[in-house]
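Spelled out from the first residue to the last, the chains are:
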Amino acid sequence: MALKSFVFAAGSALALAAGGAWAKDSVTIAMQLEPPHLDPTSAAAQAIDSVVYTNIFEGLTRFMGDGSVVPGLAESWEISEDGTVYTFKLRQGVTFHDGSAMDAEDVKFSLDRARAEDSTNAQKALFDGIASVEAVDPQTVRITLAAPNGSLLFNLAWGDAVIVAPESIEGIKSNPVGTGAYTFQEWVQGDRITLARNPDYWGEQPALASATFKFISDPTAAFAAMMAEDIDAFDNFPAPENLPQFEADPRFQVLVGSTEGETILSINNKLPPFDDIRVRQAVAHAIDRQAIIDGAMFGYGTPIGTHFAPHHPAYKDLTGMSAHDPEQAKALLAEAGFPEGFETTLHLPPPSYARRGGEIIAAQLAAVGIKAEIINVEWAQWLESVFNGKSFGLTIVSHTEPMDIGIYARPEYYFQYDSKALQELMNRLTATTGPDSRTALLQDAQEMIAADYVNGYLFQLAKLGVAKAGLQGLWENAPTAAIDLTAVSWAE
Amino acid sequence: MTRNLILGAVLSSLVLLAAAVSFLWTPFDHTAMNIPAKLQTPNAQHWLGTDHFGRDLMSMIMVGARTSIAVALVAVGIGMGAGVPLGLTAAARKGSWLDEVIMRGNDLVFAFPSLVIAILITAVLGAGAINAIIAIGIFNIPVFARITRGAALSLWEREFILAARVAGKNAARISAEHILPNVTNLLIVQGTIQFSLGILAEAGLSYVGLGAQPPTPSWGRMLADAQTMVSFAPHLALVPGTAIILTVLGLNLLGDGLRDWLDPKLRMART
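So the protein sequences, as listed, match chains H and C. Note that full-length UniProt numbering has the first sequence beginning at 1, numbered continuously upward. Note that full-length UniProt numbering has the second sequence beginning at 1, numbered continuously upward.
Calculated from the structure, these hints are not laboratory results. Virtual Cβ for every residue (Gly too), placed ideally from N, Cα, C. Keep in mind that a hint or two might mislead.
Unchecked claim - Some chain C residues judged to face chain H by a derived CB distance under 8 Å, without partners named: (1) THR31; (2) ILE35; (3) LYS38; (4) HIS52; (5) ILE121; (6) ALA123; (7) VAL124; (8) ALA151; (9) GLY209; (10) GLN227; (11) THR228.
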């Protein structure tokens, strides 16, 4: 009897919960990786931006879901004739979550902190060329550049350039205080982070009163959680093979979009025999991109022939330069003095694009005589031995920062490509503001790295979002790592 | 001959046969990918279907059997090779400090959860079939040491051993010439059981990615790869899962059957 009434009670509680779902004003969004901390200005981890970008912290400008850059905390700006002085007019009445006002001094503090000598900002290059930041009056900031920089407004939209307050900077890693539409509530390590609507937000009030970010790293658990409707959405679903099932299920919607993730087979350009361009070219011709996209990503992804996002207007399709041609690859290897091939290592981090893609690439390389020993590594090991230690032959990784072709101008970067011509080209690009000449330079750069066969260019990672049918306003594309909640709501 | 013994012998020899044949012939090249032909269910061409890269599952299972058997066999070899002499020594020097050291050392290894330590060993030495063998082998040592010592102790009380001692044979010779032949039955039975546990352990280690590395097929990794696809391609998990079950079941039945068959008391009762 007791059991029976318990079951009845549980049943009615369930019914209540289900009935209440219509008036839902909260959302639970899962993501695969947990952020190490919550300071977007001192770490490269994408998971930090996913949680805090535009939700907690805002910059002078911001990205929209379609990749455009629009005014953020700066209402408007003026650019001097010669392109070296930017005068930003800040919005009125913006306050931090602790109640203090956001003014020009905070902007100066944030930018000076980010570009300081001892700054730990992961994208310090964004601030290169800023000569000084002045607070003209509480609502006006003047940024003076050493030389014109056509991408300053774009650079300031990054999560690494958000405005922080000197009063709360101490505890930013565990208690972020920003100006955004949501305030930080709670972080249960290993499980979730909760945010609540900021009633004092300067902009339009968001539709949802609260949001929970849940961390689910295991693809099988992700599938189960989504199917059981324990979560309302998955930011970037880790198992592409499961998407057809979500598509076939009327309870869910699948949002396939683009990311800034150029997925590449990175080659250690300093390690013999990869210091020979013919060997790198052979690797490029040994790869069958479509097989990798179909086999590892179940068809999701766009082939790329250079380190550039295909949805960007300046993109140039160079896939033909490294078309799948095992015979040519073998000929190139023979020419380089390796008619029998050679042995190397292939380090694979955990995501399925790397682990599965790596198995396929190892098989494709084996077909032309290159024996790549697969070494599966966790991210920490990958950062230590591959990214920092540079002890690898080949590795697969997705470079998810927007417009990151500039990494090829850094000879110390882990794939160690050192080309004076490209470094010179990138310097010219930074100094160029005209959109047409910028496009031309960007295309030159794309061609240069494709012709040097720096890396094996595989495909542009797709963003595979899964959400419950009624959830709207989520970003379909990922111009930067972000789960922007400000426009998210439940359909009536 | 019991039914168990026959069934066990048949299942075990099927697996051994599959592994042996794979050296000479498999339906397809087990590493050949054919992505357009991926995720096929069993059919006339691919008897057990294909995996997510379009590789032939039958070929992978056959070559995977080789990996499993090799790992488990060498691991049992390590366990016997080190465990049996240790057990014989401990029994011969019963009550001495040597006995204490050996047996407490055994207890120490026994006290650790074997798979967890195996994971630790492979994590330190690096993933791979060789390290999996070492990890599994180490945990086989105390099993054989203990069983040998137990059996040897009771043998040492017997008259024929006393006769050998009177004849002037030293402990080492007695152990080798009289004790060892009389514990062989036990060792064969235990070896079969440990062999099946070794196959399970190898599958477990490769499941977590610490066994044989790709492209060498292994049953455990096939299971792990199948995990996210179970909902729409269940054969990917069923095929290696069934292979593991049948092999372990076969070896256990074989072990049981052998024990009944070799045990003199039971044999006496039967005749």
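Okay, the hints, checked on the actual structure:
With its C-beta approaching chain H no nearer than about 6 Å, THR31(C) sits inside the 8 Å limit, and its interface hint holds. Interface restraint check for ILE35(C): the shortest CB-CB distance to chain H comes to about 4 Å, inside 8 Å, so the restraint holds. Here the hint on LYS38(C) is kept, as its CB sits about 7 Å from the closest CB of chain H, short of 8 Å. Below 8 Å, beta-carbon pairs count as interface contacts, and HIS52(C) has one with chain H at about 7 Å; its hint therefore holds.
Hint on ILE121(C) is violated. Least Cβ distance to chain H is approximately 17 Å, over the 8 Å limit. Interface hint status for ALA123(C): violated, as the beta-carbon distance to the closest one in chain H is roughly 10 Å, over 8 Å. Violation of the interface hint for VAL124(C) is found here, the shortest Cβ-Cβ separation to chain H being roughly 13 Å, above the 8 Å cut-off. Checking ALA151(C) against chain H by beta carbon gives a least distance of about 43 Å; that is not within 8 Å, so the hint is violated.
Nearest Cβ of chain H to the Cβ of GLY209(C): about 6 Å, under the 8 Å cut. The hint holds. The restraint placing GLN227(C) at the interface with chain H holds, with a minimum CB-CB distance near 5 Å, inside the 8 Å limit. Here the hint on THR228(C) is kept, as its CB sits about 4 Å from the closest CB of chain H, short of 8 Å.
In this structure, the hints that do not hold are numbers 5, 6, 7, 8, in rising order.
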